[in-house]
Amino acid sequence: ETGVTQSPTHLIKTRGQQVTLRCSSQSGHNTVSWYQQALGQGPQFIFQYYREEENGRGNFPPRFSGLQFPNYSSELNVNALELDDSALYLCASSFPGPTRAYTFGSGTRLTVV
Amino acid sequence: GIQVEQSPPDLILQEGANSTLRCNFSDSVNNLQWFHQNPWGQLINLFYIPSGTKQNGRLSATTVATERYSLLYISSSQTTDSGVYFCAVDRSPGAGNMLTFGGGTRLMVKP
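For the record, the sequence lines run as chains A and B. Quick note, this note's numbering runs 4 ahead of the 1-based positions in the first sequence. Quick note, this note's numbering runs 165 ahead of the 1-based positions in the second sequence.
Just so you know, these hints were derived from the structure itself, not from any lab. Glycine included, C-beta positions come from ideal geometry on N, C-alpha and C. Warning: the hint list may mix true and false statements.
[To be verified] Only some residues are given here: those of chain B computed to face chain A with a beta carbon under 8 Å:
| hint | residue |
| --- | --- |
| 1 | H201 |
| 2 | W205 |
| 3 | L208 |
| 4 | L211 |
| 5 | F251 |
| 6 | G267 |
Work the whole structure out from these sequences, hints included.
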């Protein structure tokens, strides 16, 4: 059983640029969620995808967008990067049901300069 | 939205000591998980425990859903236990759910 994998592990972008982060969900999981974790804080929910459609969104602006593909992998896109977007971005997969445990990837550390 | 508070925020232990971490939440939940975040940032799932008690080696957890709190017990702590422990909850019974995290407990175990 493979876990959740994210790429890249680190990247540095310039303010105003666009970035795409990728996530492969755990085998058998059809739901993917993205979280932003600023330094010293708990993760904050960005959005969730279920069966290729956005299925819940946190308090993030529209320049944060995503996709889920038929194989349940996912992308997080951030446009017009701002310095405050510097954070660890975590992807989690899960399977809807009574025991809906989430499995997290190792994250992508984004630095905006 | 639901509020999640963890205590203590910081904890320093000598190797071999025991500890209890607490998580209080403001409303009924369908999911509660405890995570350990290692120095590389990965969140490792320790327990899925919306109610009841579970044990896994030196770790155990208890959630009292009716009183809206959960406890994580670490016995005979080791230096590898160091890191940040998060409690996270969600309320939704179906799809569209989101995890709300507490602020974490930063644990340092000294040799």
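Hints not upheld, ascending by number | Violated hints (numbers, rising): 1 and 4; every other hint is consistent with the structure.
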